[in-house]
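Visitor: Here are the chains, one letter per residue:
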Amino acid sequence: MERFIADLVQSLDSGKIDRREFCKSVALAAAVYGAGDAAQAQVQRGFKIIGINHMSYTCPDYPKARDWYASVLNMKSEATRDDGKRANLMFGPEPGKGGSFLVARNPGNVASGSAGAKPGAEAVIDHICYTIPNWDEAHVRATLKAKGLDVTGRDGSLHVYDPFDYDVQIASAAEENAFKR
Amino acid sequence: MEGFVAKHVHDYQNGKISRRWLIEVLTLAATTAYAEKSASAAEPSGLDAALVNHVSYTCPDYRRAADWYSTVFNLDQVGATARDVALPFGKKGEKPYGVSADDVPLTHIICRTRPLDSAAGGGPRRRKPTAVIDHIAFTVADFDRERAKAQFAAVGVKNVRDGGPFSVYVNDPFGYELQISGLGVTAICGAEARATCGDNR
Chain A
1 MERFIADLVQ
11 SLDSGKIDRR
21 EFCKSVALAA
31 AVYGAGDAAQ
41 AQVQRGFKII
51 GINHMSYTCP
61 DYPKARDWYA
71 SVLNMKSEAT
81 RDDGKRANLM
91 FGPEPGKGGS
101 FLVARNPGNV
111 ASGSAGAKPG
121 AEAVIDHICY
131 TIPNWDEAHV
141 RATLKAKGLD
151 VTGRDGSLHV
161 YDPFDYDVQI
171 ASAAEENAFK
181 R
Chain B
1001 MEGFVAKHVH
1011 DYQNGKISRR
1021 WLIEVLTLAA
1031 TTAYAEKSAS
1041 AAEPSGLDAA
1051 LVNHVSYTCP
1061 DYRRAADWYS
1071 TVFNLDQVGA
1081 TARDVALPFG
1091 KKGEKPYGVS
1101 ADDVPLTHII
1111 CRTRPLDSAA
1121 GGGPRRRKPT
1131 AVIDHIAFTV
1141 ADFDRERAKA
1151 QFAAVGVKNV
1161 RDGGPFSVYV
1171 NDPFGYELQI
1181 SGLGVTAICG
1191 AEARATCGDN
1201 R
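Residue numbers (our numbering), protein chains in the order written: chain A, 1 to 181; chain B, 1001 to 1201.
Source of the hints: derived by calculation from the structure; they are not laboratory data. Among the hints, a few may not be true.
Short, incomplete list of chain A residues facing chain B, as computed with Cβ under 8 Å [stated by the list, open to error]:
no., residue
1, His54
2, Val72
3, Phe101
4, Glu122
If you're wondering where the values come from, they're calculated on a predicted model, not measured in any experiment. For glycine and all other residues, C-beta sits at the position ideal for the given N, C-alpha and C.
Model the full structure from these sequences, guided by the hints.
Guide: Here's what the structure looks like:
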C-alpha cells in the first residue's frame, strides 16, 4: 500500500495525474484495502497489458492485403474467419497463448461496438513494426527483394510499403527495443 | 511453376524487378524444381513475424497521449526525446507473454508528434496510405467486461462501449479507438463470435 501511495504521489508531483484523480485513487485504494484486498487496489488503477490482441486494418481490397501479409510476413489466414469482407491473419505465439492477428477488412466492415475508420482523426498509427527473430541481414533483404519490394532503412531496421502504401517496418531485437532507445 | 514465372515476368514488364533479378529468380526456381524442390522455390518463403515490435502512434501532443496510456494501462515511459517516448508492455528484462525466444523484445507503443509524411527509415517522405489501422486491441490480464468498465470509470475514461460480451471499446484523448479483451479473443474466435464458436480457451 505504501508503495502504491508513493507511486501516486510521484505521479501527482510530476503532473501525470491531477489532484482530483489523486484523491479518487487514494480513496479507492483505501476502500479496497479496507475490504481486505490491497493488491486489488493496484489493479483498479489500470490494466495489465499482455500484448497486442489484434490490429484492425481497413483497406480498399482486403484479399490483396491478406495475400501480401501472408506472403511477406508469413501470416496465416484463418479460413473460418474469411467471410468475403475480412480475413484474420495470425502471427506469433498460438492463438490464446499470446498470439496476435491483423484483421484485414474492406471499408464498411465494422466490428460490433467499433466506430470503424474515421477519416481525419487527430491520431493515427502511421506504421507497425514487426520483430523478425534470428535476424540475418542478407537473408531478410534478399527475401524482401524477391517479393519485389523497395527497401529503405538501416541494417536491422527496414521499411517497405504494403499494396496500399501503408508503411511496414521489420526489425531485429537489437535495433528496435524500447529499452535501447 | 508457370504461375510463378508469369508473375515475375509481369513484374519485370511493369518495371517492378530488374532483368538481372528476373533471371536470377527464374534460374533458381528452375534448378530447384529440377531437384524436386519446386514447392519451396515456387513461392519464396517470407519472413516470420514473431510479434509486434512497436506501434507508432502519431498525435498532436505525444506527452498527453503518453500520460494517458501510462495512467490507464500502467505503462512506464522510457527513452523520452523532444518528440517521442516509448511505453513498453512490461519491465526491462521481462519477456513478452507466450514468447520463449530471447531475441523478441517487449512490444511497445511509441507516442510521437511529427508530420505524417516524415521520412520512413531515412528514405523519402512517407507515402499517404489508402489503408488505415482504425483500431488496436490490447489483450489484458484477467479480463472481465464489467470489471473493465469499472476500471475505466475509476481512471476517468468515458464512453466505454461493449464489443460483444468479451471486449470493450474506448477512445483515447485524441479520439483513437482502442479495444480491450482477454486472451480468449483470438483470430479463430473473435469477440463477436466467442459466444457461439465453441472455443473454450
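Visitor: What are the numbers of the hints that this structure violates, sorted from low to high?
Guide: The structure conflicts with no hint, since it agrees with every one listed earlier.
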